[in-house]
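Student: Protein sequence lines, in the order shown, are assigned to chains A and B. Following our numbering, the numbering of the first sequence begins with 2 at its first residue and continues without gaps. Following our numbering, the numbering of the second sequence begins with 137 at its first residue and continues without gaps.
Note that these hints are calculated values from the structure, not bench results. Keep in mind that a hint or two might mislead.
Examples of chain A residues toward chain B, derived with CB under 8 Å [what the hints assert, rightly or not]: (1) LEU35; (2) LEU36; (3) TYR38; (4) PRO70; (5) LEU93; (6) LYS94.
Backbone N, C-alpha and C define an ideal beta-carbon position, used for all residues, glycine too.
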Amino acid sequence: MEWLFALVLGVMTATGVFLTLRARTFPVVLGLTLLAYAVNLFLFAMGRLTVGMPAVIDEAAPGYADPLPQALVLTAIVIAFGMTAFLIVLALKARSELGNDHVDGLHMAADEVPVKRYKPTKEARRQKNEGVSS
Amino acid sequence: MMVEHTPWLLTAVPLLMAAFAMLSARLAPYLASVSTLICGTLLLQALEPLSQETIIHTLGGHAAPLGIELYLDRLSWMMLALTWLGGALCSLYAFFWFRSTGHAGVAGFWPLWLGLIGGMNALFVSGDLFNLYVALEVIGICAVSLAALAQSREAIRAATNYLLATYAASLAYLFGVGILYGLYGTMDWRLLATLAQPEAPALLAAGLMIAALAIKAALFPLHFWLPSAHATALPPVSAILSALAIKGAFYLLARLYIQLEMPGSLPALLLGYLGAAAILYGGYQALMAHNIKRIIAYSTVAQSGYFFLIFAIGGAMAWQGGFLQLYSHIIAKATLFFAVGNLALAAGSVTLEGIKGVARAAPLTLFGAAMAALSIAGLPPSGGFLAKWLLLQSAIEGGAWHFVAVLAIGGLLSAAYLFKIFRYALIEQPEKRFNDPGVWLGWVVLLGGFISLLFGFVGGQSVAWFDLSALSLGGAS
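Required output: the full structure, derived from the provided sequences and hints.
Tutor: This is the structure in structure tokens:
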């Protein structure tokens, strides 16, 4: 079971990382969600995978199930859920404001554009020169 | 005894006020001042017991391996106190700024800002890796929402990138915490410090956590989200984000470094060299920018570089210098963002061209900003000067000449980019008309500038607390 679990986590993480490296918001959100899933499951597995064990140490039982990671994972799930919801709202807002869903590159703030691009175009230069000569 | 309840009260009071502030936008500033007053009193009365011992609060009466403990030692106290001071200044400025502009963001501002304070206070008193994760998330979500309050296209895009970066970083941090729990079965860092071994999984966990915190602290080259997010936010929010929000992650890195005793190790050296690169790169970008808010935002990238130098230089003096730099940066950077906000209000523009001649309309602001600029550029008699002097001296003593060169060039660059703002503001433009930013906004800047100068005089005594032996008080000993 541990091998299967580890394999699933590996596939999930790999998919998550792949999607996170995409250029558009939707795959990135999906990727981060998958990564959050993988991390939560990993945290859960760190209490060791046990079946049918008591959560409190019992002399009669052969082992115990660590309850702490389960409690932690509950918190982590809630936080991940909240973050994802917020991320989606923000991404939708960005989509409607900017008209595209690229993570970066398009629609830089005016002063973010490298200085070189501020050179006037041929057209503008010609107009300026004409203005000076007239 | 009241004192042992200080750690959780410091978190609970701002969060409670944040909840109430959500109900009424009109009452929110008063709730913020109540929270500030209560936190200030709590911090003052914790000062006396702290000179002898660390204040420990065991939540629910369960001690460390089973329960969660909150620690309040000298380092946490200083961070809390400086956050309090910087926070009070930001609240004051935000109150007057929102009053004079009537910006619609005010409804969201106060609850989020109080939530951010609660998260930062929680971070400084937590001694449990998972608690720290929760605190980091509270800070992250509040900071991103604050950045998005400006509502402009650029601000929304910058906030989205900020959120993506900070969320990815949180996941990496949580992954590291999971590995450490699987290895050692505890999340309390005092216990971890005694248990941790330099074995492969633990190093992987440390690497993940360091990378995550470096993103959140905007260490070059992971600073990509910072300049846009800080430059497009509302002026009070820029001040909060730049002065306070990124300091939490740095504090946590320093804590991990102290507790896990990794001086001279490869990650520590790497952090130091990246810090040096940040000083040069941030300074250059600030010099090239033509938006005054972006100049100050890149200045944050550069100034954060100084904190990271302490990891590579090492030694008690460098630590004192690094933390003094952190403290004076909180005040000076907040003041500069206030000033830039005022100039933008007065001139109606944030470009260097647009603020030409604004000195006539905002003399108080410019005077306060000059005092804060002294601290950022490292000129006497400011806190920034003392901090950079200590760093320089320890670099010379350690024979680290490359860091001496970086410190010198960094100082020149910051003097140059700050001078540029004053140069443009002082060009006479007799026919140009300006708005009046309001006298109170100017006075807040003046107050901030005055405090950052004051650091040059009292800073020496306050960092005397910070020799490494005092720091390890919070350790496993």
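Student: So, for every hint listed, does it hold in this structure?
Tutor: Tested hints:
Hint on LEU35 (chain A) is violated. Least Cβ distance to chain B is approximately 10 Å, over the 8 Å limit. Because the closest C-beta pair between LEU36 (chain A) and chain B is about 5 Å apart, less than 8 Å, the hint holds. Hint on TYR38 (chain A) is violated. Least Cβ distance to chain B is approximately 10 Å, over the 8 Å limit. Residue-level restraint check for PRO70 (chain A) holds (minimum Cβ-Cβ distance to chain B is 7 Å; threshold 8 Å).
At its closest, the beta carbon of LEU93 (chain A) sits 10 Å from a beta carbon of chain B; the interface hint therefore is violated under the 8 Å criterion. Contact between LYS94 (chain A) and chain B, as hinted, is supported at the beta carbon level, the nearest pair being about 6 Å apart and thus within 8 Å.
In terms of the numbered hints stated before, the structure departs from hints 1, 3 and 5, listed from lowest to highest.
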